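Asks: Residues 0 to 201 (numbering that gives the first Met the number 0) make up the sequence shown, in order.
Worth double-checking, as some hints may not be accurate.
[Unchecked claim] Below, in silico cross-link-like pairs of lysine-lysine (DSS-like), each with a Cα-Cα straight-line distance of 30 Å or less: (1) K124 <-> K101; (2) K124 <-> K134; (3) K134 <-> K145; (4) K69 <-> K79; (5) K134 <-> K149; (6) K82 <-> K69; (7) K82 <-> K101; (8) K51 <-> K69; (9) K79 <-> K99; (10) K80 <-> K69; (11) K80 <-> K106; (12) K52 <-> K80; (13) K106 <-> K134; (14) K82 <-> K106.
Quick caveat, the hints were computed from the structure, so don't treat them as lab data. Please read these numbers as outputs of a predicted model, since none were measured by experiment.
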Amino acid sequence: MNNKRKRSNPDLNLCLKTPIDQEESSNKLLTLDEAMDFELKHVNVDPNVDVKKLRRTISNRLSAQRARNKRAECIAELEKKVKSLEGRIAFDAPEIENEKDKYKMLKLEGNMLREQLDSVTDRAKLLTVEIEENKLELRRLKELPKTLEKEHDSRSIHLFEIERQGYNSYDESDSAAAMDMDQSIDQYLNLDAINFYPPKND
0 MNNKRKRSNP
10 DLNLCLKTPI
20 DQEESSNKLL
30 TLDEAMDFEL
40 KHVNVDPNVD
50 VKKLRRTISN
60 RLSAQRARNK
70 RAECIAELEK
80 KVKSLEGRIA
90 FDAPEIENEK
100 DKYKMLKLEG
110 NMLREQLDSV
120 TDRAKLLTVE
130 IEENKLELRR
140 LKELPKTLEK
150 EHDSRSIHLF
160 EIERQGYNSY
170 DESDSAAAMD
180 MDQSIDQYLN
190 LDAINFYPPK
200 ND
């Protein structure tokens, strides 16, 4: 049995090269049955070869070929994607640069607007203080006539009291002096004893 395996191994290795090499060159993946038929019909196979081992070997080689084909397809797909992305990058590069310039301009404009906003905010605070001061002044001016009227009434009452007190003191002293003077004049002239009319002749 061992001698049989030893004799079959060289022939097996030799016979497996041709169908797989043809498969790789044609890039057509054969099924396991197709590969076995190809081996048995077109390749000089040792009649004493172990068919099961041959089938297993061909199956392994076909699996390896599938893996290589799949890897090759993945590489080709990735290369295609890379070329597509490179083309897209080359197409979008000017637009990207343009957007970068726009971003810089918008950033500068944003900084300017922020500074203007701060300035307007400070100005608004000052105006708020000024408005409050003007409101207080306006309230004071509205209340000023009432205040002046009260002050005027108070002064008028005060002056009236002063005048009234001065008149009363003047009236009492002067009236007493006037009465004394009248009495003196009456006594001096004795107007009641003087007859201004002459007597009538009967």
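Asks: Could you run down the list of hints and mark each one as holding or not?
Replies: Consistency of the hints with the structure:
1. K124 <-> K101: violated (34 Å)
2. K124 <-> K134: Roughly 15 Å separates the two Cα atoms, so the pair holds.
3. K134 <-> K145: Holds, at about 18 Å.
4. K69 <-> K79: Given that 30 Å is the threshold and the Cα spacing comes to 15 Å, the pair holds.
5. K134 <-> K149: holds (23 Å)
6. K82 <-> K69: holds (20 Å)
7. K82 <-> K101: Judged against 30 Å, a Cα distance of about 29 Å means the pair holds.
8. K51 <-> K69: holds (27 Å)
9. K79 <-> K99: holds (29 Å)
10. K80 <-> K69: holds (16 Å)
11. K80 <-> K106: It is violated: about 35 Å lies between the C-alpha atoms, which goes past 30 Å.
12. K52 <-> K80: Violated, at about 42 Å.
13. K106 <-> K134: Violated - the C-alpha atoms of K134 and K106 are around 41 Å apart, more than 30 Å.
14. K82 <-> K106: Measuring from Cα to Cα gives roughly 35 Å; hence the hint is violated.
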